[in-house]
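Once you have looked at the hints, place chain B on chain A.
Residue numbers (this note's numbering), protein chains in the order written: chain A, 1 to 100; chain B, 1 to 455.
Hint data in this document are derived by calculation from the structure and do not stem from the laboratory.
Among these hints, one or two may not hold up.
As the list claims (entries may be wrong) - When the alpha-carbon atoms are kept at most 20 Å apart in a straight line, the in silico SDA-like pairs for lysine to any residue are as follows:
#	chain 1	residue 1	chain 2	residue 2
1	B	K176	A	T93
2	B	K176	A	R9
3	B	K176	B	Y221
Claimed, not checked - To list a few chain A residues with every Cβ distance to chain B over 12 Å, as calculated:
#	residue
4	Q66
5	M89
6	R90
7	S98
Cβ coordinates follow ideal geometry from the N, Cα and C atoms, glycine included.
Next come the chains, spelled out residue by residue.
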Amino acid sequence: MITAGRIVRLAERDRAQVQFFLDGEMRHALTGDTVLTAMLASESALRNSEFGPELRAGFCLMGACQDCWVWQEEGPRLRACSTPATEGMRLRTTPPESWP
Amino acid sequence: MSETSSPRIVIVGAGPAGIRAAATLVEAGLHPVVIDEGQRAGGQIYRRPPAGFVRTSEELYGSEAAKARALHALFDRLAEEGRLTHCAGSSVIAAHEGRLHVLGEGDVEVIGYDRLILATGASDRVAPVPGWQNGGVYSLGAAQIALKAQGVALGRRIVLVGSGPLLTLVGAQLVKAGANVAAVLDTSPWRQQMRGFWGLAASPVVALRGLALRARLGGRYYAGATLERIEADASGVSAARWRDAGGREHLTPCDMIGMGWHLRAETHLADLTGCAFTYDEQWRQWLPMTDEMGRAGDGVYLAGDGVRLLGADGAEIAGRLAAAACLSDLGRPTSCVRADLRKLARLERFARGLACAFPWPAAMVRALPDEAIVCRCENVTAGAVREGANFGGGEANRVKSLSRVGMGRCQGRYCQLAAVELVAAQGGCTPDAVGRFRGQAPVRPAPIGAFLREG
Chain A
1 MITAGRIVRL
11 AERDRAQVQF
21 FLDGEMRHAL
31 TGDTVLTAML
41 ASESALRNSE
51 FGPELRAGFC
61 LMGACQDCWV
71 WQEEGPRLRA
81 CSTPATEGMR
91 LRTTPPESWP
Chain B
1 MSETSSPRIV
11 IVGAGPAGIR
21 AAATLVEAGL
31 HPVVIDEGQR
41 AGGQIYRRPP
51 AGFVRTSEEL
61 YGSEAAKARA
71 LHALFDRLAE
81 EGRLTHCAGS
91 SVIAAHEGRL
101 HVLGEGDVEV
111 IGYDRLILAT
121 GASDRVAPVP
131 GWQNGGVYSL
141 GAAQIALKAQ
151 GVALGRRIVL
161 VGSGPLLTLV
171 GAQLVKAGAN
181 VAAVLDTSPW
191 RQQMRGFWGL
201 AASPVVALRG
211 LALRARLGGR
221 YYAGATLERI
231 EADASGVSAA
241 RWRDAGGREH
251 LTPCDMIGMG
261 WHLRAETHLA
271 DLTGCAFTYD
281 EQWRQWLPMT
291 DEMGRAGDGV
301 YLAGDGVRLL
311 GADGAEIAGR
321 LAAAACLSDL
331 GRPTSCVRAD
341 LRKLARLERF
351 ARGLACAFPW
361 PAAMVRALPD
371 EAIVCRCENV
381 TAGAVREGAN
391 FGGGEANRVK
401 SLSRVGMGRC
411 QGRYCQLAAV
421 ELVAAQGGCT
431 PDAVGRFRGQ
441 APVRPAPIGA
451 FLREG
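Chain A on its own, in the form it takes in the complex (with noise of 0.2 Å):
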């Protein structure tokens, strides 16, 4: 199942969906994705970059590289390949507006 995002589900389609929000927009997953897959469902990347033009998607997907940090609305980030995507969760793909 190509989505509309970078990822396309190829297996373990049949899973209930949990609801999130992305920078205020509400999307869907699946429960059991993690906040990686959950954003490339209807994102192509995770974040900017902070030292370069390029978007950036996660690299290594087992927690070394550090790539795919993002950011919540209630200022902590996350490592979104080893964190599970969960009801309700509110992530941006920038800082808050606050952070200095």
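The following block gives chain B in isolation, referenced to the frame of chain A:
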């Protein structure tokens, strides 16, 4: 003595090596603590999807399904029976004087040990290619984890590049799962692959299985290819520009690239615990030194791909051996290890064959244009690394300070080998002489709040 009554033994990593080490200690009546970053034990190669996923172990692990099932069942049983303590989803971020700093759910906990078994595994050995900083470039391991643990492909049209067993395996797994794999580019030419033949003959079944997997790739597989550039547009990767063995240019549209040249041992914790290192010419990387059982000294033992890149079967054996060494050092009886040592020697021969057949692409790295990015974390370029070498000389840590290569959030895991290659080329010396980046705690990023809550 507290050590003889109830020694505190900590195992870091719950892959094949860590699980076998734990089981061996439990059999001897000890209660190890197993710290692992995964939510469920298994490691990377036998990684398990989250609860509620339905594919069978045959679908997930192919020919290795029985081994995966056995390891998972063994570990789960020991954990359920309370014969070991499993700290899941936890990272050891520092090790100092018999104490580990462990980052769990937001807090750092200090765990003391009398004996430490490090089974930290390996990750992909990657090499920079112009354009690899763009979204949609992943390691081969990432492509496999996405498929295994999430049931997804990381792109609609995929090009894989690199060399080594994982290149063929991931390609075949993706094709079988129905992903659109446009090309599999092996940077090792056929004549190089044949040079590894005698080593590979040490495990003929595994070698033949590899060839059978490669046959599934059909016309997508190219030996002796060179990936010259990864093209990108506003949404990430858009094409791979490469040459085949005959020198013909190709432009293959794709939105995902998976890359990897065999494996890189994960050695940060071995470094922090004071292990000595030696440069391995064949693997082209620094590896910790141990005796044949995995003893590194000072109550530290190493097992699995974090010390010798022998794959999952070798890791199981090495885990048993490290635990046996630990037991024997504690003055406890152990079973005979001769058969395990023999098996390990055969796997070592096979692994040397692999290293020879599918080498690190040194020439490709040395030919990188100055503007190409070497460090993906902070976009440090090849030019900056070369300038650092010109200014500071051919020493790894000086170039690190001058250029910031290896100082990003991955702490050099994905740029160190390429950076050292560039410094060696610039200084006219060998990578061995350039040295290695010193490991620094914390070896994973940790929020400052985790330390504030500690006291």
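Violations among the numbered hints, reported as their numbers in ascending order: Hint check: 1, 4 fail, others pass.
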